[in-house]
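Chemist: If you want the building blocks of each chain, they are given just below.
2 protein chains.
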Amino acid sequence: MESKKELRKLISMRKKQVPLEERRRRSVPVMERLMVLPRFRKAQNILFYWAMQDEVATQDAVIACAAAGKNVFLPVVDGDFLRIRRFSGQAALTPGESYAIPEPVEGSEEVRISDIDLVVVPGVAFDMDGGRMGRGKGFYDRLLAGASDCSQGGPYKVGVCFDFQVVDAVPREAHDMLMDAVVCESRTEIIRNDNRVCSVFGIRYPIVSGGMVWCSGWRLASAVSAAGGLGLLGAGSMRPELLREHIASCRAATDKPFGVNVPLMSPYAAELMEVVLSEKVPVVFTSAGNPKTWTPRLKDAGVKVAHVVSSSKFAVKCAEAGVDAVVAEGFEAGGHNGREETATMVLVPQVRAAVSLPLLAAGGIVSGAGMAAAFALGAEGVQVGTRFALCRESSASEEFKQLCLGLKEGDTMLALKKVSPTRLIKNDFYAQVQEAEDRGASKEELVELLGRGRARQGIFEGDLSAGELEIGQGVSLISDLPSAADIVRSMVDGYRRAVAGMEVL
Amino acid sequence: MESKKELRKLISMRKKQVPLEERRRRSVPVMERLMVLPRFRKAQNILFYWAMQDEVATQDAVIACAAAGKNVFLPVVDGDFLRIRRFSGQAALTPGESYAIPEPVEGSEEVRISDIDLVVVPGVAFDMDGGRMGRGKGFYDRLLAGASDCSQGGPYKVGVCFDFQVVDAVPREAHDMLMDAVVCESRTEIIRNDNRVCSVFGIRYPIVSGGMVWCSGWRLASAVSAAGGLGLLGAGSMRPELLREHIASCRAATDKPFGVNVPLMSPYAAELMEVVLSEKVPVVFTSAGNPKTWTPRLKDAGVKVAHVVSSSKFAVKCAEAGVDAVVAEGFEAGGHNGREETATMVLVPQVRAAVSLPLLAAGGIVSGAGMAAAFALGAEGVQVGTRFALCRESSASEEFKQLCLGLKEGDTMLALKKVSPTRLIKNDFYAQVQEAEDRGASKEELVELLGRGRARQGIFEGDLSAGELEIGQGVSLISDLPSAADIVRSMVDGYRRAVAGMEVL
Numbered sequence: 001m002e003s004k005k006e007l008r009k010l011i012s013m014r015k016k017q018v019p020l021e022e023r024r025r026r027s028v029p030v031m032e033r034l035m036v037l038p039r040f041r042k043a044q045n046i047l048f049y050w051a052m053q054d055e056v057a058t059q060d061a062v063i064a065c066a067a068a069g070k071n072v073f074l075p076v077v078d079g080d081f082l083r084i085r086r087f088s089g090q091a092a093l094t095p096g097e098s099y100a101i102p103e104p105v106e107g108s109e110e111v112r113i114s115d116i117d118l119v120v121v122p123g124v125a126f127d128m129d130g131g132r133m134g135r136g137k138g139f140y141d142r143l144l145a146g147a148s149d150c151s152q153g154g155p156y157k158v159g160v161c162f163d164f165q166v167v168d169a170v171p172r173e174a175h176d177m178l179m180d181a182v183v184c185e186s187r188t189e190i191i192r193n194d195n196r197v198c199s200v201f202g203i204r205y206p207i208v209s210g211g212m213v214w215c216s217g218w219r220l221a222s223a224v225s226a227a228g229g230l231g232l233l234g235a236g237s238m239r240p241e242l243l244r245e246h247i248a249s250c251r252a253a254t255d256k257p258f259g260v261n262v263p264l265m266s267p268y269a270a271e272l273m274e275v276v277l278s279e280k281v282p283v284v285f286t287s288a289g290n291p292k293t294w295t296p297r298l299k300d301a302g303v304k305v306a307h308v309v310s311s312s313k314f315a316v317k318c319a320e321a322g323v324d325a326v327v328a329e330g331f332e333a334g335g336h337n338g339r340e341e342t343a344t345m346v347l348v349p350q351v352r353a354a355v356s357l358p359l360l361a362a363g364g365i366v367s368g369a370g371m372a373a374a375f376a377l378g379a380e381g382v383q384v385g386t387r388f389a390l391c392r393e394s395s396a397s398e399e400f401k402q403l404c405l406g407l408k409e410g411d412t413m414l415a416l417k418k419v420s421p422t423r424l425i426k427n428d429f430y431a432q433v434q435e436a437e438d439r440g441a442s443k444e445e446l447v448e449l450l451g452r453g454r455a456r457q458g459i460f461e462g463d464l465s466a467g468e469l470e471i472g473q474g475v476s477l478i479s480d481l482p483s484a485a486d487i488v489r490s491m492v493d494g495y496r497r498a499v500a501g502m503e504v505l
Numbered sequence: 001m002e003s004k005k006e007l008r009k010l011i012s013m014r015k016k017q018v019p020l021e022e023r024r025r026r027s028v029p030v031m032e033r034l035m036v037l038p039r040f041r042k043a044q045n046i047l048f049y050w051a052m053q054d055e056v057a058t059q060d061a062v063i064a065c066a067a068a069g070k071n072v073f074l075p076v077v078d079g080d081f082l083r084i085r086r087f088s089g090q091a092a093l094t095p096g097e098s099y100a101i102p103e104p105v106e107g108s109e110e111v112r113i114s115d116i117d118l119v120v121v122p123g124v125a126f127d128m129d130g131g132r133m134g135r136g137k138g139f140y141d142r143l144l145a146g147a148s149d150c151s152q153g154g155p156y157k158v159g160v161c162f163d164f165q166v167v168d169a170v171p172r173e174a175h176d177m178l179m180d181a182v183v184c185e186s187r188t189e190i191i192r193n194d195n196r197v198c199s200v201f202g203i204r205y206p207i208v209s210g211g212m213v214w215c216s217g218w219r220l221a222s223a224v225s226a227a228g229g230l231g232l233l234g235a236g237s238m239r240p241e242l243l244r245e246h247i248a249s250c251r252a253a254t255d256k257p258f259g260v261n262v263p264l265m266s267p268y269a270a271e272l273m274e275v276v277l278s279e280k281v282p283v284v285f286t287s288a289g290n291p292k293t294w295t296p297r298l299k300d301a302g303v304k305v306a307h308v309v310s311s312s313k314f315a316v317k318c319a320e321a322g323v324d325a326v327v328a329e330g331f332e333a334g335g336h337n338g339r340e341e342t343a344t345m346v347l348v349p350q351v352r353a354a355v356s357l358p359l360l361a362a363g364g365i366v367s368g369a370g371m372a373a374a375f376a377l378g379a380e381g382v383q384v385g386t387r388f389a390l391c392r393e394s395s396a397s398e399e400f401k402q403l404c405l406g407l408k409e410g411d412t413m414l415a416l417k418k419v420s421p422t423r424l425i426k427n428d429f430y431a432q433v434q435e436a437e438d439r440g441a442s443k444e445e446l447v448e449l450l451g452r453g454r455a456r457q458g459i460f461e462g463d464l465s466a467g468e469l470e471i472g473q474g475v476s477l478i479s480d481l482p483s484a485a486d487i488v489r490s491m492v493d494g495y496r497r498a499v500a501g502m503e504v505l
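So the sequence lines, in the order shown, correspond to chains A and B. Just so you know, we're using the numbering used here here: the first sequence kicks off at 1 and counts up by one. Just so you know, we're using the numbering used here here: the second sequence kicks off at 1 and counts up by one.
Hints may be right or wrong, so weigh each one.
If several chains are the same, the list does not tell them apart, and a pair holds so long as it fits within one copy or across any two.
Listed below are the simulated DSBU-like cross-link pairs for lysine-lysine, each with C-alpha atoms no more than 30 Å apart in a straight line [unchecked claim]:
| # | residue 1 | residue 2 |
| --- | --- | --- |
| 1 | Lys292 | Lys417 |
| 2 | Lys42 | Lys15 |
| 3 | Lys292 | Lys317 |
| 4 | Lys408 | Lys317 |
| 5 | Lys317 | Lys417 |
| 6 | Lys401 | Lys313 |
| 7 | Lys313 | Lys299 |
| 8 | Lys443 | Lys426 |
| 9 | Lys317 | Lys426 |
| 10 | Lys401 | Lys9 |
| 11 | Lys408 | Lys313 |
| 12 | Lys317 | Lys304 |
| 13 | Lys408 | Lys292 |
| 14 | Lys280 | Lys304 |
| 15 | Lys418 | Lys408 |
| 16 | Lys443 | Lys418 |
| 17 | Lys292 | Lys280 |
| 18 | Lys280 | Lys256 |
| 19 | Lys256 | Lys4 |
| 20 | Lys317 | Lys443 |
| 21 | Lys299 | Lys256 |
| 22 | Lys256 | Lys304 |
These are computed hints drawn from the structure, not numbers from a lab.
All chains, full assembly: derive it from the sequences and hints.
Modeler: Written as structure tokens, this is what we have:
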């Protein structure tokens, strides 16, 4: 990692390789990205922090913002004080080699930082976590010192820069100005958003990896959490002592928040909960049971609680139980499933209409496009099972993973409806189930056919013939085994592409 | 309808009621709407047609565009000629009371209209069909006269105006400048877009009403088409002579394109096709059969053909058959359904990946939010059944409609899987089916139980107990019986809201 001084030299060198005319051209997408940020569009009073002489994008943005009717402000040094003065669009600007933004005109309004909605900070160098080399930090501190009466930590801060000003990581000692978003030529990175799922769980992307039996161990959960999502340990396939080990391993692997999924129908549910509580796990997702049973005790202990539902009726029960978030899981999902067979496309708007809780969608979501679809329907986050079951860190057997990569539409089916509806891959075991169901087999007969340990046998041990192979419909869309971090990254990228590409009608 | 002169007087009067300062403030959202149009963002060479002295939005837009790096052009009168000259951002503009856009500076570049990507036309008065009172028409014609070498009818034309400049309908004789989009303070209306479903069928909104048995007669089809969508007659419940009558009635009710849905398993399929061909129906949607059977003959006759599929495998067959578009209909849909039970959330991206045809999504889509979700997944249009089955113009019985309004999640179920999977409302007839299926009844037994004419009995005649009641899962999201036009409008509005509200991550 370079020092601050070395970094500054590097950036300065990169800049010299880009002629001014070229920089001006490349500043256009930066400004366009800035101007379409919802936070920017909503802001009325915008402060351009230290509109630097040679940051051409800044001058263009200042002109365009004033023309677009925003109130644009600039900081002005006044002896020992830093004041904010309104930039008047009437002052003639002379774009040119120097790109000097003039001082605000005489007699222009003076305002308080608490009146500012958004600060644009042109960059020396940013990383994508919002860190910035702190040139002008002293002024910035003095400026924000006046922000003590701002609600919610002061104005929203957006760093703008060219691609050549993006460094992989800004050294810690230079990380002194943390942005809420960074906009450069080729991408926009939102660090602080208004997403409630992110706020509740303290995560960066509202992507949760499902707590899948025999897939979701500490390797998968910690990888998802480290990548900015929320990784869940799947306690459904764990005895209490094993869960304790996985929690410890997960903690050792990442300092980011993670959670445990406890299916309430597990014979060890109570003991698993004791482990979760004694280990002070920050998040618990409960499923397959009544949310009222455990939510109060978990909440009392400071645990964030989400519950998985397959209908809006159960979602209302979740709200009554006081959960922090609800997961609406549709018919497409793998493994255990709702009796009403409501698909994600219908379930999500239904649950959205029924409760005001932070809402995650699940079932059939394997990509950023699916995530965008879920958000269009009213979700604020996604719980993703199948996609994470098929990644490097998943503890499913290699045999199971390879089988899944070859599956097509129609290769999974909801079965065992008289017992507990479960989505299964059509293997030999499934054929036995279907044969029995077709001839009207009773629940008892099916329970006996199912026996015990078949999911472990299939998913974990790789017995593809006799095992109970649980996976979601979305498996047909999957053909690779990336890392969990790659999945998080590609879902976020895909989501952004889908949103940006939405057709205007 | 007022005359052109009266209209101009009215607009002028309205304008006097809005002080300049207020107009300037109100021009901000107009410009923001303009600048976020994908067509605008893609355009590099933008002509501001007749930047009128008192159109404050225009001046702001000219300044902002030039600042954003667009090449901005203005028309200049030169004797008998109208020339286009590049506006130089270096020319000082003095915003103020007069808002006079200066003539392009001496020595500035002259260009041809064929180099222009987009023309912005500040409005005297627009209606939402893109009509404009033709002030300055003479110049405009002369300008576009140079556009004969433009591909696709010349540059894209966007009218911009204040809300007070929007009139319900501009008189026909004033309709002499037709815009491709109109942007005002409170809304954006895209008249010509790049949507392939709209292009193929010659419609304004890519919303097709499904050809539902006993619901989709000429009243529904013509109402949907008149509202800008594509209405389909459901020939599945019609004998050939009745279809001929419905086609005639549909034609009498609207001059817009409409279509016929022919389920290929209908015993009358061949005769229905002869009616369609002899009546020169512009569009046919086929379903429940092989797309290769009829597509060549229909295409030879100039009919646009779409085929409904439940899997990507069938979608590939559609492409081979040469259809114009494909409908991917998921598990959520009412009535006959695919055997593989693939839900819309998974099916749409799967079909999208398999074929490059214009793609409509169906199944579970009852709102603009659902439409946005489908588009995020890769669809370019939607076929909507359930929502249109429950509107005023649907020919379903009042009893059926009222029953549907009270349905909740889980009140429909996919049944008759051994015969042909069909989504039914859980009524007495369904209970009989379920009882039979639970005890392993054979296909023959189920066919006998189904009998004949049950869908008519239930949907059309209102026998809610013994009838076969077909409706989609989305029914649980519906609680009113609006007109078909209201449905089209609210889906378009809802789509736009959903797209505009997509969270930035």
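Chemist: Determine for every hint whether it applies to the structure shown.
Modeler: The hints, checked one at a time:
| no. | hint | verdict |
| --- | --- | --- |
| 1 | Lys292 - Lys417 | within (25 Å within a copy, 37 Å between copies) |
| 2 | Lys42 - Lys15 | between (32 Å within a copy, 27 Å between copies) |
| 3 | Lys292 - Lys317 | within (8 Å within a copy, 51 Å between copies) |
| 4 | Lys408 - Lys317 | between (36 Å within a copy, 16 Å between copies) |
| 5 | Lys317 - Lys417 | within (23 Å within a copy, 33 Å between copies) |
| 6 | Lys401 - Lys313 | between (35 Å within a copy, 23 Å between copies) |
| 7 | Lys313 - Lys299 | within (22 Å within a copy, 49 Å between copies) |
| 8 | Lys443 - Lys426 | both (20 Å within a copy, 22 Å between copies) |
| 9 | Lys317 - Lys426 | between (34 Å within a copy, 24 Å between copies) |
| 10 | Lys401 - Lys9 | neither (48 Å within a copy, 72 Å between copies) |
| 11 | Lys408 - Lys313 | between (33 Å within a copy, 10 Å between copies) |
| 12 | Lys317 - Lys304 | within (17 Å within a copy, 50 Å between copies) |
| 13 | Lys408 - Lys292 | between (39 Å within a copy, 23 Å between copies) |
| 14 | Lys280 - Lys304 | within (11 Å within a copy, 63 Å between copies) |
| 15 | Lys418 - Lys408 | both (26 Å within a copy, 22 Å between copies) |
| 16 | Lys443 - Lys418 | both (5 Å within a copy, 20 Å between copies) |
| 17 | Lys292 - Lys280 | within (20 Å within a copy, 62 Å between copies) |
| 18 | Lys280 - Lys256 | within (14 Å within a copy, 65 Å between copies) |
| 19 | Lys256 - Lys4 | within (27 Å within a copy, 67 Å between copies) |
| 20 | Lys317 - Lys443 | within (28 Å within a copy, 40 Å between copies) |
| 21 | Lys299 - Lys256 | within (20 Å within a copy, 59 Å between copies) |
| 22 | Lys256 - Lys304 | within (14 Å within a copy, 55 Å between copies) |
In summary, the one numbered hint that this structure violates is 10.
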